[in-house]
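Produce the complete structure using the sequences and hints provided.
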Amino acid sequence: MGKELNSVELGKLNKPGKRTYTHREWRGWKDTFYDFSRWLHNLKVMSKFILKPTSLKALFTYRWFGNYLAAFDYIDRHMEGVRGPQLRIGHIEYDSIVEHLTQTMDTLFKCDKRIGNKHGKYDALNKKLVIMDENGMMVIATGFPNLKFLSKEVPSVYTGSTIAQDGVLHYIDVSEEFQIPSDVCPMPCAELGVAIDEDYPICGVCSVHCNTTCDGSLMGNQIEDRHDDLPSFTMAAPMRHQQQSVLAYSRDQVVAAIHFIEEHTGEKWNWDAFAKNMKVYNAQNKVFDEWLEINKTDFPQVCGNNLMLYRDAEYMVISGRDATFLKQDEEILRLAKEGYQHKVKVAKEMRHRALVWGVHAQYYTAFNQWLANCWGIVVLCDMLSFTLTKPIHYEDHEQAMLDLGEYNMNMIMRNHSNGGYEVGVEQLWQYCEEYRADTVIMYEHIGCKSMAGYHGLIEEEGRKRGLHIIWVYHALMNPTKASRKDMREDVNRYMKTVMRETPLDPTLVDMDDTTRW
Amino acid sequence: MEMGGYYLTALFCEACRALLERALEGGFNFLDAVIAPEACAMMNRCVENIEHLNCCTKPKFFASYCDVPMKSDEVTLKHYVLQMQEHVLKPLHEHYGIDISDQAIRQAVEDQNKISRLITEIGDYRKLEQPRITGYEFAVFCLASYCCPKDLLIPMLEETAEELKTRKPEPLGTYRARVALVGSEVDDPMLLKLAEESGVIVVADRYCFGSLPGRQEIVLQPDEDALTQVCRYYMTSGQCPRFLTTEKVDERHAYVDKIAKEYHADGLIIEQIKFCDYWDYGRALMNATMQHEYGYPTLSIDRPYNVGESSGQIRTRIQAFVESLEIKTIERKEREAK
Numbered sequence: 001m002g003k004e005l006n007s008v009e010l011g012k013l014n015k016p017g018k019r020t021y022t023h024r025e026w027r028g029w030k031d032t033f034y035d036f037s038r039w040l041h042n043l044k045v046m047s048k049f050i051l052k053p054t055s056l057k058a059l060f061t062y063r064w065f066g067n068y069l070a071a072f073d074y075i076d077r078h079m080e081g082v083r084g085p086q087l088r089i090g091h092i093e094y095d096s097i098v099e100h101l102t103q104t105m106d107t108l109f110k111c112d113k114r115i116g117n118k119h120g121k122y123d124a125l126n127k128k129l130v131i132m133d134e135n136g137m138m139v140i141a142t143g144f145p146n147l148k149f150l151s152k153e154v155p156s157v158y159t160g161s162t163i164a165q166d167g168v169l170h171y172i173d174v175s176e177e178f179q180i181p182s183d184v185c186p187m188p189c190a191e192l193g194v195a196i197d198e199d200y201p202i203c204g205v206c207s208v209h210c211n212t213t214c215d216g217s218l219m220g221n222q223i224e225d226r227h228d229d230l231p232s233f234t235m236a237a238p239m240r241h242q243q244q245s246v247l248a249y250s251r252d253q254v255v256a257a258i259h260f261i262e263e264h265t266g267e268k269w270n271w272d273a274f275a276k277n278m279k280v281y282n283a284q285n286k287v288f289d290e291w292l293e294i295n296k297t298d299f300p301q302v303c304g305n306n307l308m309l310y311r312d313a314e315y316m317v318i319s320g321r322d323a324t325f326l327k328q329d330e331e332i333l334r335l336a337k338e339g340y341q342h343k344v345k346v347a348k349e350m351r352h353r354a355l356v357w358g359v360h361a362q363y364y365t366a367f368n369q370w371l372a373n374c375w376g377i378v379v380l381c382d383m384l385s386f387t388l389t390k391p392i393h394y395e396d397h398e399q400a401m402l403d404l405g406e407y408n409m410n411m412i413m414r415n416h417s418n419g420g421y422e423v424g425v426e427q428l429w430q431y432c433e434e435y436r437a438d439t440v441i442m443y444e445h446i447g448c449k450s451m452a453g454y455h456g457l458i459e460e461e462g463r464k465r466g467l468h469i470i471w472v473y474h475a476l477m478n479p480t481k482a483s484r485k486d487m488r489e490d491v492n493r494y495m496k497t498v499m500r501e502t503p504l505d506p507t508l509v510d511m512d513d514t515t516r517w
Numbered sequence: 518m519e520m521g522g523y524y525l526t527a528l529f530c531e532a533c534r535a536l537l538e539r540a541l542e543g544g545f546n547f548l549d550a551v552i553a554p555e556a557c558a559m560m561n562r563c564v565e566n567i568e569h570l571n572c573c574t575k576p577k578f579f580a581s582y583c584d585v586p587m588k589s590d591e592v593t594l595k596h597y598v599l600q601m602q603e604h605v606l607k608p609l610h611e612h613y614g615i616d617i618s619d620q621a622i623r624q625a626v627e628d629q630n631k632i633s634r635l636i637t638e639i640g641d642y643r644k645l646e647q648p649r650i651t652g653y654e655f656a657v658f659c660l661a662s663y664c665c666p667k668d669l670l671i672p673m674l675e676e677t678a679e680e681l682k683t684r685k686p687e688p689l690g691t692y693r694a695r696v697a698l699v700g701s702e703v704d705d706p707m708l709l710k711l712a713e714e715s716g717v718i719v720v721a722d723r724y725c726f727g728s729l730p731g732r733q734e735i736v737l738q739p740d741e742d743a744l745t746q747v748c749r750y751y752m753t754s755g756q757c758p759r760f761l762t763t764e765k766v767d768e769r770h771a772y773v774d775k776i777a778k779e780y781h782a783d784g785l786i787i788e789q790i791k792f793c794d795y796w797d798y799g800r801a802l803m804n805a806t807m808q809h810e811y812g813y814p815t816l817s818i819d820r821p822y823n824v825g826e827s828s829g830q831i832r833t834r835i836q837a838f839v840e841s842l843e844i845k846t847i848e849r850k851e852r853e854a855k
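Chains A and B are the protein sequences, given in the same order.
Going by the working numbering, the residue at position 211 of the first sequence is 211; the numbering climbs one at a time, nothing skipped.
Count along the second sequence starting at 1, add 517, and that's the number in the working numbering.
Hints should not be assumed to be uniformly reliable.
Claimed, not checked - Partial pick of chain B residues on the chain A-facing surface, computed with a CB cut under 10 Å:
# : residue
1 : M520
2 : C530
3 : D549
4 : E555
5 : F579
6 : Y582
7 : V585
8 : T593
9 : D797
Please keep in mind that the hints were generated in silico from the structure rather than gathered at the bench.
For each residue, glycine too, the CB sits at the ideal point set by N, CA and C.
As structure tokens, then:
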């Protein structure tokens with residue numbers, strides 16, 4: 001029990017019927033102290049946030065806000081069994097998300113007509129607030145330095161559902177009462193539920209909707225838009241984003257969105273601010289590529305789902321607008337390089353080099369950590385993190401708009417789940433070769449029709465290539481359809497019956513965490 | 518649909534699964550090409566499977582995928598036209614030497630207009646108090662107009678239109694209520710037959726593969742290229758839920774109201790094929806809107822692809838809907854009498 005990987009029987013930290021761990025994990029003096037110091041740091045950040053009158057009022061106004069009580073447990077779950085550089089990398093990633101999210105919610109609550117702006121106190125701020133669809137790329141915000149771009153769905157649904165596994169079940173129920181069938185993707189379904197329940201903050205001067213990620217998402221947006229009493233613009237990003245013939249239209253949509261924002265906020269697109277942000281964004285993407293290069297080696301360092309959650313925030317939401325993220329990226333790179341030089345292992349035994357394909361379960365984003373701790377399956381990268389990294393040409397304005405058009409079509413996930421066979425199937429095999437992966441954790445998100453359409457093709461093609469394709473069924477934000485335990489069982493079954501392997505940590509094989517946050 | 522279910526999973530649109538199954542059986546070996554508009558992800562996956570599993574064996578067979586509009590404006594029109602040129606017309610010309618000139622498109626539109634005029638003429642009999650054609654019969658003609666060679670179909674439609682001029686309608690009371698059938702794709706007229714056996718007559722068909730919209734004349738002007746005009750027609754008249762702007766969503770509901778009035782429908786059956794993402798949401802919203810904003814009695818159902826004649830559950834629901842419509846009629850008459 002201590003600083004070595006797998007020196008703690010992690011399954012025993014979990015007690016059936018409890019919401020959280022029985023006690024904190026002992027990681028040896030140095031790592032435990034570091035982990036606890038970050039816990040204290042997050043406590044400080046969140047205390048500062050929650051003690052604001054607007055936040056306190058929000059706690060009693062919005063059902064979804066209660067999910068954030070589980071934020072500490074959420075971070076602990078993702079740090080399970082982690083040591084050394086990975087612990088530090090993980091904390092840089094999560095702690096920055098915590099800080100960014102508290103800032104987001106702070107602005108939302110200040111501008112909210114139900115809370116901070118009830119008597120017009122924050123009118124000036126509200127007039128600078130543009131509401132972006134959760135699935136929209138914030139690259140279109142990069143030329144508006146005086147405006148704030150926020151998504152209401154991220155704090156209420158997206159993050160909430162990762163923090164507490166039952167965090168959005170109520171909203172799914174609300175949508176189903178509205179006659180949305182239960183076979184749809186729970187994400188737009190829950191987002192719609194929040195709208196029907198009138199549980200979104202009322203704020204902003206205008207809003208931008210989009211058709212990304214998928215058919216279900218664009219349909220949910222149609223109804224949400226009716227609940228939003230704001231002038232709105234709809235960006236229709238072409239679906240076949242690999243075809244050259246669609247790029248001009250995607251650019252046109254971005255340009256039209258910019259004009260719409262200019263019209264409703266009185267602000268003008270600022271090329272200098274855009275160039276400044278794009279320098280940061282390009283640098284972030286470059287650093288990201290370097291992380292992935294390390295992951296291709298025998299000693300990968302920036303792994304698991306921590307990579308995805310951070311990349312998601314940085315790629316889609318930050319989009320170069322916050323230079324502190326670049327500093328963090330560079331610090332992560334430094335730690336990763338150091339780890340690589342010292343041949344640091346991310347699992348006690350790296351038995352399988354794996355890639356994750358498909359969409360992860362929001363209620364079990366720590367699944368990759370379990371894979372490494374329990375079976376030595378190290379996830380080197382995942383479908384959602386394989387994003388565009390090509391530089392944006394900020395000096396050539398015409399080309400810049402084309403680049404933004406391309407990025408806009410290639411939002412996270414959509415760049416593989418939509419766009420055709422080449423990106424949905426073929427690219428997986430290319431990545432497997434590049435990363436020398438022998439295993440694919442293939443998520444079957446049972447509401448995601450886009451990826452389901454490749455089920456048979458992936459199975460057959462994977463077999464031809466001698467890859468282990470492990471199908472893991474889940475329902476994105478609805479653990480009542482396929483629980484965390486069910487997901488683990490999909491892997492356990494394969495590892496025991498096909499691979500005939502024994503677990504690295506037997507206490508993790510069969511545990512009941514149904515009631516956990 | 519076992520094989521279709523394996524490749525596409527059991528929660529996939531059943532129409533797509535059935536199509537892939539048929540393709541795997543060799544049922545589409547006669548095809549020279551599949552052109553798949555990126556209107557819905559599931560249909561695209563279906564076509565991708567057909568292509569990559571080499572289900573169609575003709576030597577020059579090809580599959581082409583094209584982006585289609587999700588908004589209705591001039592910028593989108595330009596994009597739509599380009600997509601049709603690049604992914605429909607050019608490949609057809611390159612593979613099979615098909616004439617894609619403006620003149621050829623105008624001729625094709627004229628041929629199509631002949632069909633549309635005939636279908637409209639036949640369909641207009643549904644507006645009568647005693648319709649001379651049932652919804653089921655009309656759906657068979659309409660479906661044929663989507664998949665039969667025009668030159669073979671026109672004489673038959675002309676003959677039918679002539680017959681209908683003197684056809685004796687069913688006596689009043691044969692059908693207990695008039696409904697508009699609205700929703701996702703229906704390529705099996707047995708659904709209408711089932712509905713009509715349950716006591717309603719389907720007087721308006723606003724579903725995919727129905728005639729409203731889709732079987733109206735396209736009027737071309739001489740001063741603009743035909744392709745742009747055809748694209749504009751489909752973009753502006755299209756009522757597919759993939760059109761996501763609020764104006765188009767509102768237009769969709771207003772259009773249902775318009776045809777319900779025009780065809781004197783007592784109520785609406787809003788249906789969707791199971792697992793259709795678009796209509797999962799479109800049906801729920803339409804049901805709420807048509808009931809609460811427009812005041813129509815509605816029956817909202819999600820149904821399996823193959824309804825057949827033996828679907829007891831749907832029959833029961835339609836029968837109950839008919840009874841509710843009758844009760845509403847009685848109550849209205851009582852109110853008017855007072």
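For each hint, the structure was consulted:
At its closest, the beta carbon of M520(B) sits 8 Å from a beta carbon of chain A; the interface hint therefore holds under the 10 Å criterion. About 7 Å separates the beta-carbon of C530(B) from the nearest beta-carbon of chain A, less than 10 Å, and the hint is met. The criterion of a C-beta within 10 Å of any C-beta in chain A is not met by D549(B), whose closest approach is roughly 21 Å, and the hint is violated. Hint status for E555(B): holds, given a least beta-carbon distance of 4 Å to chain A, under 10 Å.
Hint status for F579(B): violated, given a least beta-carbon distance of 14 Å to chain A, over 10 Å. The restraint placing Y582(B) at the interface with chain A holds, with a minimum CB-CB distance near 6 Å, inside the 10 Å limit. Among the interface hints, the one on V585(B) holds; its C-beta lies about 8 Å from the nearest C-beta in chain A, closer than the 10 Å criterion. The criterion of a C-beta within 10 Å of any C-beta in chain A is met by T593(B), whose closest approach is roughly 7 Å, and the hint holds.
Interface restraint check: D797(B) against chain A, minimum CB-CB distance 5 Å, threshold 10 Å, status holds.
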